[in-house]
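Residue numbers (the working numbering), protein chains in the order written: chain S, 88 to 341; chain X, 40 to 281.
Keep in mind that a hint or two might mislead.
Simulated crosslink set (EDC-like; lysine to aspartate or glutamate; CA at most 16 angstroms straight-line) [stated by the list, open to error]:
| id | chain 1 | residue 1 | chain 2 | residue 2 |
| --- | --- | --- | --- | --- |
| 1 | X | Lys-102 | S | Glu-119 |
| 2 | S | Lys-300 | X | Glu-250 |
| 3 | S | Lys-300 | S | Asp-158 |
| 4 | S | Lys-300 | S | Asp-151 |
| 5 | S | Lys-300 | S | Asp-206 |
If you want the footprint, here are the derived chain S segments under chain X, 3+ residues with CB under 8 angstroms [said to hold, decoys possible]:
| id | stretch |
| --- | --- |
| 6 | 110-123 |
| 7 | 197-211 |
| 8 | 228-239 |
Hints in this document: simulated from the structure, not taken from any laboratory.
Just so you know, even glycine gets a beta-carbon here, dropped at the ideal spot from N, CA and C.
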Amino acid sequence: MLRFIRELGAIVLFTKSILYALWIGPASMWHEILHETSRIFWRSLQTISFAGFFVGAILILQFDTILARYDARLYLGGVCMSTIIRDVGPLIIAFLLVGKVGAYTAAELGTMRVTEQIDARECLGAESFVTLLAPRWMSIVLASLTLLIAGLSISIGGAFFLALIHSSINMHEFLFLVPRFNGFSTLGSGLLKSFIYGLLVATLACFYGFYAKNGAAGVGRAVTKATVGTHFSIIVANYLTGTLLTALEHLGGP
Amino acid sequence: MWRMLASILIDIPHFLIHPRRFRWRETLEALSTLGAGSFQVITLATAFAGIVITHEMAWHMQKALHSVAMVPGMSAQFIVRELAVAVPALLLVSKVGASLTAEIATMKITDQIDALRLLGINPLDYLLYPRLIACTVAGGALTLISILVTLLCSVATARAYHFSPPEYLALAGHFMKLTDVIQAVIKGSTYGAIIPIMSCAYGFCCRGGAEGVGHTTTQSVVASTLCVIVLDFILTMLFSLI
């Protein structure tokens, strides 16, 4: 328990240093960030789209069976689409993102650490937080957000496609109830969750990768720690944001 | 990689009909480290997921029907059919898959696998099959446990919508069948079995020193996650046709 709190504190301080480095960093850093963001985005887009399509398809299949037991197939489009955007879509796509972007970054930084490349850079006078971590962190946050939005759009497409070929409903029936469920609060919740998951992926991957030690085995351990930690914190964040948004809605609602 | 994967898949039937290749001690060891080691994380994570999904379902019902009467049935079905199966599987991929790949890849680049062959031990017998059996068993068992934990959290959350536990269970039981649970366990075991197969296929092909281990681990986690998602689709499709 004490170790957990100590690690949490270290992560918070680490994030603070990164944010400070972003603040004092030169303007040319932002050019690098955009470059890196597009590199991560294009590298992962294929995998994310592939997974996104299947996430939408799975949810349609499941809800089709469940709603058919209630004889309420009319709600299929609306319920499925808002579940994809609000809850399950960001969760499962973020899980894939953890492997694709998070583990990759942790492995890269960990390898740089154990082969003493980071020490060499520091000896030559490069400030690690400004030149190495801050650009990487920011570009992962941006890339994760864009990738999650892309993945969600594709999973909606997948859901639509499967609803048409598998469940016996037509396009109008599918779209009929969509606006009722997918208002501002659904989109806002999906976007907020995507942003928070992106922050978690970036912070934990950079943290565990940067502080890897003990050679090759240590890199493997850092990657495992980063993926498990991120998965777990994503689920907890899902709970916290869900509760927060429900509370807000109750305040704002009738 | 593909050749390694194919040779593993071809070798599995051979293993199944030759019980002498089975290693008791390693299997039990793997079961305790892989299965019991993931127990804590998975139960805690699915508990949170259960709370969230109950609130989400209530939100939907409120929007659609202006009543929350269908909350127990919908959330219990969604938990048993999808949530308590997919979330533990994906967590197992990161928890077990990543460490297994890193371990096997490190053994490969430090020539320990060649050393095993030199001693006359089939590396698959020693590294893959104990973990394959352990993960298959653990996958099914963890799915069952996470169904219980998630349902328990959902029951507790539904009290906020004025459903007492017996009421919830009666409403949920009305729409649930035993086959749903059996299908969930079959799915869980299948996803569990995928993880060591992918880890070994990637780990045995690791090249390029320390850097290679990191990259192999990443690739294997991504491939296993994709496999779980695609298999989830295929199995759901198959089960919905039955």
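Q.
Lys-300 of chain S and Asp-151 of chain S were given as a pair; does the straight-line alpha-carbon distance stay at or below 16 angstroms?
A. 49 angstroms, violated
Q: For the pair we were handed, Lys-102 of chain X and Glu-119 of chain S, check the Cα-Cα distance against 16 angstroms.
A: With a Cα-Cα distance of about 45 angstroms, the restraint between Lys-102 of chain X and Glu-119 of chain S is violated, given a limit of 16 angstroms.
Q) With a Cβ-Cβ cutoff of 8 angstroms, does the stretch 197-211 of chain S contain at least three residues near chain X? A) holds (count 4)
Q. Keeping to a limit of 16 angstroms between CA atoms, is the pair of Lys-300 of chain S and Glu-250 of chain X held or broken?
A. Holds: Lys-300 of chain S and Glu-250 of chain X sit about 14 angstroms apart, inside 16 angstroms.
Q. Taking 16 angstroms as the top limit, are the C-alpha atoms of Lys-300 of chain S and Asp-158 of chain S close enough?
A. It is violated: about 57 angstroms lies between the C-alpha atoms, which goes past 16 angstroms.
Q. Given the hinted pair Lys-300 of chain S and Asp-206 of chain S, is their alpha-carbon gap at most 16 angstroms?
A. Given pair Lys-300 of chain S, Asp-206 of chain S holds - Cα atoms ~12 angstroms apart, limit 16 angstroms.
Q) Taking 8 angstroms as the C-beta cutoff, is the stated coverage of the stretch 110-123 of chain S by chain X satisfied by three or more residues? A) violated (count 0)
Q) Checking C-beta pairs, does the stretch 228-239 of chain S have three or more residues closer than 8 angstroms to chain X? A) Coverage by chain X is violated here, the residue count being 0 at a Cβ distance below 8 angstroms.
When the structure is compared with the earlier hints, violations turn up for hints 1, 3, 4, 6 and 8 and for no others.
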